[in-house]
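Chains as they are written, first to last, in the working numbering: chain S, 1 to 148; chain F, 1 to 219.
Simulated from the structure, these hints should not be mistaken for laboratory data.
Hints may be right or wrong, so weigh each one.
If you only want the chain F side, here are some residues facing chain S, beta carbon under 7 Å, derived [what the hints assert, rightly or not]:
#, residue
1, 50
2, 53
3, 81
4, 107
Across the chosen pairs, the derived CB separations fall in these ranges [unchecked claim]:
#, chain 1, residue 1, chain 2, residue 2, range
5, S, 44, F, 197, 51 to 61 Å
6, S, 125, F, 145, 38 to 48 Å
7, S, 127, F, 17, 32 to 42 Å
8, S, 148, F, 17, 47 to 57 Å
9, F, 42, S, 58, 54 to 64 Å
10, S, 109, F, 112, 18 to 28 Å
11, S, 44, F, 203, 48 to 58 Å
12, F, 102, S, 137, 36 to 46 Å
By construction, the Cβ of each residue, glycine as well, lies at the ideal position given by its N, Cα and C atoms.
Here are the chains, one letter per residue:
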Amino acid sequence: MTSKQKNNPNDKKIVIVGCGTYGRSLAMALAKSGNEVIIIDSNRTKLESLSQLSLNSDLLVGFLGDATIAADLVNIDIVNSDLFIATTSSDSINALAAQKAKLLFGINNVICLMSDKSKQSLYQKLGIRIVNHTELTIESLITSSVES
Amino acid sequence: MNVVIFGANEVGRSIAEWLLNDWHEVSIIDADNFKLQDTEDELGSIVVHGDPTSEEILRLAGTGRADIFIASSRSEADNMVCCQMAKEVFQVEKTICLIYSEENRSLFQLLGIDSVINITAVSLRSIQENLNVDAILPLMYIPGSTPANLISIRIAEDSETIGEPLSNLTLPNGVSIKMIIRSGAIIEDSVEDTILRSGDQVLAITDSINLDQLKELFQ
Numbered sequence: 001m002t003s004k005q006k007n008n009p010n011d012k013k014i015v016i017v018g019c020g021t022y023g024r025s026l027a028m029a030l031a032k033s034g035n036e037v038i039i040i041d042s043n044r045t046k047l048e049s050l051s052q053l054s055l056n057s058d059l060l061v062g063f064l065g066d067a068t069i070a071a072d073l074v075n076i077d078i079v080n081s082d083l084f085i086a087t088t089s090s091d092s093i094n095a096l097a098a099q100k101a102k103l104l105f106g107i108n109n110v111i112c113l114m115s116d117k118s119k120q121s122l123y124q125k126l127g128i129r130i131v132n133h134t135e136l137t138i139e140s141l142i143t144s145s146v147e148s
Numbered sequence: 001m002n003v004v005i006f007g008a009n010e011v012g013r014s015i016a017e018w019l020l021n022d023w024h025e026v027s028i029i030d031a032d033n034f035k036l037q038d039t040e041d042e043l044g045s046i047v048v049h050g051d052p053t054s055e056e057i058l059r060l061a062g063t064g065r066a067d068i069f070i071a072s073s074r075s076e077a078d079n080m081v082c083c084q085m086a087k088e089v090f091q092v093e094k095t096i097c098l099i100y101s102e103e104n105r106s107l108f109q110l111l112g113i114d115s116v117i118n119i120t121a122v123s124l125r126s127i128q129e130n131l132n133v134d135a136i137l138p139l140m141y142i143p144g145s146t147p148a149n150l151i152s153i154r155i156a157e158d159s160e161t162i163g164e165p166l167s168n169l170t171l172p173n174g175v176s177i178k179m180i181i182r183s184g185a186i187i188e189d190s191v192e193d194t195i196l197r198s199g200d201q202v203l204a205i206t207d208s209i210n211l212d213q214l215k216e217l218f219q
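Next up, chain S with everything else stripped away, as it sits in the complex (with noise of 0.2 Å):
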């Protein structure tokens, strides 16, 4: 793993899980307000596709591996991380790694992406903060139609 910045007192190690539309958008986002990122993913064209997008920052790092076994996960180093974010396109895979992180490797700052609302307050009960996409969407969707 590469070492932290000195420069910037904020940055924190961030794990996120899925190399998909909002993983590699996020951990870019991150990345590049100066927090170092790890993105694991078990497709490794979805990785590669992220190598070719961030080509000069040596705060993202790529893992092939898969965030629900915990193997994969001692070997990201998971127990040294500030903040773990489940962002999969699958609800069971996120639910699945994000609990490993909490209960097995004692996470606190636990994110679970999700976009099926019934589910959420069974996480929540756990102390895993949950987004639901599909929620948003939808929401700004409205906004966006009362506008125009």
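Once you've looked at the hints, dock chain F against the given chain S.
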């Protein structure tokens, strides 16, 4: 009983068929319409189509009235989420989750899923039993204040125990022999008086500490 099953695959369908034959109320959920169609053709209108992890679909399948929820799909992540929903949202008394490796067992147990069954381990054990190899096979773990194991021991050809009645043997502490099976049948005589032969299968209760000693004695 009222049972909801997630996964219209071979496993889920077999469980449903077995329960229906015993007149239990069963419904089976899957997101795959083709699998559901086959299931419906075979077992009747017990199928619910949709995302099995969503509250609405679980409710539609009758999870609110279920005594047992069984997640038998290929996806361990989906199995986990719907067992959690069944337990926490619908207060189902018994949740059973299938897994394919040991990776997720401890987490799923920690999350309050009542039974976690590793299909791969079950198949492996069945193959081991069928291969008839000289081996000690764990058959059942018996929890309790002093946990014990029910094990099966196959007597090897050159075992020092052959030709002796069982009562003459010094068994390690914590081991007791309950039954002897010879050529596929239970020996009805008292276990104590039985003279062991090569190939006999001995069923014993033991604490796991003695396994090595047992191996030495019988094999």
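Can we keep the residue 53 of chain F interface hint, with Cβ of chain S closer than 7 Å? With a minimum Cβ separation of about 6 Å from chain S (threshold 7 Å), the hint on residue 53 of chain F holds.
Measuring from the C-beta of residue 81 of chain F to each C-beta in chain S, is the shortest one below 7 Å? Holds. Min distance 5 Å.
Taking the CB of residue 44 of chain S and the CB of residue 197 of chain F, does the distance hold inside 51 to 61 Å? Roughly 57 Å apart at Cβ, these two residues keep to the hinted range, so it holds.
Interface hint for residue 50 of chain F, Cβ within 7 Å of any Cβ on chain S: violated (11 Å)
Determine whether the Cβ-Cβ distance between residue 44 of chain S and residue 203 of chain F falls within the hinted range of 48 to 58 Å. Hint holds: Cβ distance 50 Å, inside 48 to 58 Å.
Evaluate the given range 38 to 48 Å for the C-beta pair formed by residue 125 of chain S and residue 145 of chain F. violated (33 Å)
Given a hint of 32 to 42 Å, does the C-beta separation of residue 127 of chain S and residue 17 of chain F actually sit inside it? Holds: the Cβ-Cβ distance is about 41 Å, inside 32 to 42 Å.
May I ask you to test the hint 47 to 57 Å on the CB atoms belonging to residue 148 of chain S and residue 17 of chain F? holds (55 Å)
Note whether the CB distance of residue 42 of chain F and residue 58 of chain S lies within 54 to 64 Å or breaks it. holds (58 Å)
Residue 102 of chain F versus residue 137 of chain S beta-carbon gap, inside 36 to 46 Å or not: holds (38 Å)
Taking the closest Cβ pair, is residue 107 of chain F under 7 Å from chain S? holds (6 Å)
At the C-beta level, are residue 109 of chain S and residue 112 of chain F separated by a distance inside 18 to 28 Å? holds (23 Å)
Checked against the numbered hints above, the structure breaks hints 1, 6 and satisfies the rest.
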